[in-house]
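Chains as they are written, first to last, in the numbering used here: chain A, 1 to 382; chain B, 383 to 764.
Heads up, some of the hints might be wrong.
Derived SDA-like pairs: lysine to any residue, alpha-carbon spacing no greater than 20 Å straight-line [to be verified]:
no.	chain 1	residue 1	chain 2	residue 2
1	B	K541	A	P269
2	A	K6	A	S40
3	B	K541	A	P275
4	A	K54	A	H30
5	A	K159	B	K541
6	A	K41	A	N51
Some chain A residues near chain B, calculated using beta-carbon distances under 10 Å [said to hold, decoys possible]:
no.	residue
7	D257
8	R279
9	D283
10	F290
11	K335
Derived, one-sided and incomplete: chain B residues facing chain A with beta-carbon distance under 8 Å [said to hold, decoys possible]:
no.	residue
12	L458
13	P459
14	E513
15	L516
16	R653
17	W664
Source of the hints: derived by calculation from the structure; they are not laboratory data.
Remember, predicted model here, so these are calculated numbers, not experimental data.
C-beta atoms are modelled at their ideal positions from N, C-alpha and C, and glycine is treated no differently.
Protein chains: 2
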Amino acid sequence: MGSIIKQLAVLGSTGSIGQQTLEVVRAFPHRFRIIGLAASKNLDLLAKQVNEFKPRFVYSQDREALSHLNIECDFLPLEEMASYPQVDTVVIAVSGRSGLLPTVAAVKAGKNVALANKESLVMAGEIIINEAKLNKAQILPVDSEHSAIWQCLKGENQKAAQLILTASGGPFRHFSPAQLSEVTVEQALEHPSWQMGRKVTIDSATLMNKGLEVIEAHWLFDMPSDNIRVLIHAQSIIHSLVEFIDGSVKAQLSYPDMRLPIQYALSYPERLPNPELPRLNWDSLSRLTFEQPDFSRFPCLNLAIEAGRKGGTYPAVLCAADEVAVELFLSQRIKFTDIAYLVKQTLEQHQPVAHPTLEEILAADAWAREKVTQLTTEGNPC
Amino acid sequence: MGSIIKQLAVLGSTGSIGQQTLEVVRAFPHRFRIIGLAASKNLDLLAKQVNEFKPRFVYSQDREALSHLNIECDFLPLEEMASYPQVDTVVIAVSGRSGLLPTVAAVKAGKNVALANKESLVMAGEIIINEAKLNKAQILPVDSEHSAIWQCLKGENQKAAQLILTASGGPFRHFSPAQLSEVTVEQALEHPSWQMGRKVTIDSATLMNKGLEVIEAHWLFDMPSDNIRVLIHAQSIIHSLVEFIDGSVKAQLSYPDMRLPIQYALSYPERLPNPELPRLNWDSLSRLTFEQPDFSRFPCLNLAIEAGRKGGTYPAVLCAADEVAVELFLSQRIKFTDIAYLVKQTLEQHQPVAHPTLEEILAADAWAREKVTQLTTEGNPC
């Protein structure tokens, strides 16, 4: 336990989750203090954040540019910030692979880890969960689905029977295969219910995001993937559900606003009243719908679930291949449907390692990135 | 704490909740043992239950008839059974006013009280809650709505912001005022989603039941009635919801089957796997709808909420007037819409007592029963 004011390091402070984390901190100046801020490249915003929150430490990928900003705090590398003694809670809000090493550093240091980066658990779930147990680190899920499950499990001391992850279904829920192959970047970036970063928005449109969340849920809640199901719920009001051994089901509901799960991770085990968070309006909320996901039109979902089931280095390869493929799609070099194709090809050609070390995971990651590039330059997919 | 096998007294064992309680006990012979059974009049069924569950004690209103049944267990009056030392949990499954004194006896004896009788809390909530605190008795709600709220509150250590009780809306949800005045007993006894006793089925059709539940929730969860709302949810899948101070909402879901909340009250804090309880089927469950209750077509709802708000002897008068009015409707002596009329008239003519004693509550109850009879014989309502 730290002081009554929780001291936070926010890694990825200029991204979508990072900015919303700072909104929550701004709402509770007597509960949270920022002692470290880290961002990759958006130095203008980082400088503003430093001015407002006055952290002791700052990090940016571009240390040189940082030094020109006349910022009055010390530079600290990402992993040192994640394990710095005075930090109570580390918010891992960086996206993609970059979250892995800071997450490992934070759990090894026994921190509370507010984890918004799903790739770290997907790539190295076994290592992170084992290190967390060993070092009494607590992983506080920030993803809305995992936060929902975590809230539903609160006070329940028995293992759940089933976790039900809801998915909005993305903007292409009712697209035909032909329509899917013609999807533009602009279309894919318009998520129907959530405002998120670009990578996760594309992953939501392919349902890869939901597949990654199944793997994440497997690790976070020690649940076999056969007992985790995905349910399309277009309104994004029920964020996930838990079925217990007696058949009783609990659900967590709220408007789609990431500040709620962020705040819950920061304030846990307490809840804090925040007038800026919207309350469900039952005068207008008249209908919640559910449907089964279509695995054939959205093959990424099954690719992820299967990679998670096989384990070893497969999930790392999945993540890396997807990250590169999404970048290629965003730069308009491949079609929307090529994302699944490239990930599938890469997974099929992978020589897996069981119970991999961090080095083996990073090697698999590098191999997969290389492989996707190679598959693309061969002119293969399109 | 009792032994590992929980010893139960089931008061009202031949009614709907009583029979379903015994179904749960039958499914877990190594967890629950029946040591007392009590029924009012259905002696044939009581004799069968005694033969199967072999309790030590039995009670019936008709002791004389009981003595002819050749039952090999001792007679014990209701309140003595509710407070008998070896009893761990008392299931109060009697309906109406008859639940009051056994409930008071059980809480005074510090028992776990699985409470299916809502009238006792509505009539004497203040006394029962105070006695429960004083004697460390635990009230375990059996009503599906209160069980839902209780499950959602599990592990949450802060006061909730709002309780949202769902209501199926009953069979006459879309009836016009004219149609409502012509409702037959047969129509009113056909509840769209729940199989229940006759009294509570009629109360569901008038929404009086939901009003009583608002008062019950007020006492069970120490929540001002202004922070308890009613939401019509025709599918009866979400049994109630809790909104927390951060705006997060939790809901409890299951098919409408009273065995689940009964079992939860008996097994609490554990959950038990029971293959006989249905699990939600997400392949067929595609839509949950919500609408606001119509207070003008269903005046009983507001009569109850208002009586609860005023407190004192008003809720006891409400209960008694409703009990008599429902009996009059079931025997076809008044119209469906007369139930609300009679309850309203009775409440208006009542001289309330604040913080009443049990005697004052019983006197108000007797006064209200007399008043409804008087109003009816005057030929007033119809």
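Results of checking the hints against the structure:
no. : hint            : verdict
1   : B/K541 - A/P269 : 13 Å, holds
2   : A/K6 - A/S40    : 24 Å, violated
3   : B/K541 - A/P275 : 17 Å, holds
4   : A/K54 - A/H30   : 15 Å, holds
5   : A/K159 - B/K541 : 26 Å, violated
6   : A/K41 - A/N51   : 17 Å, holds
7   : D257            : 9 Å, holds
8   : R279            : 5 Å, holds
9   : D283            : 7 Å, holds
10  : F290            : 5 Å, holds
11  : K335            : 32 Å, violated
12  : L458            : 31 Å, violated
13  : P459            : 34 Å, violated
14  : E513            : 26 Å, violated
15  : L516            : 25 Å, violated
16  : R653            : 4 Å, holds
17  : W664            : 6 Å, holds
The structure is inconsistent with the numbered hints 2, 5, 11, 12, 13, 14, 15, although it conforms to all the rest.
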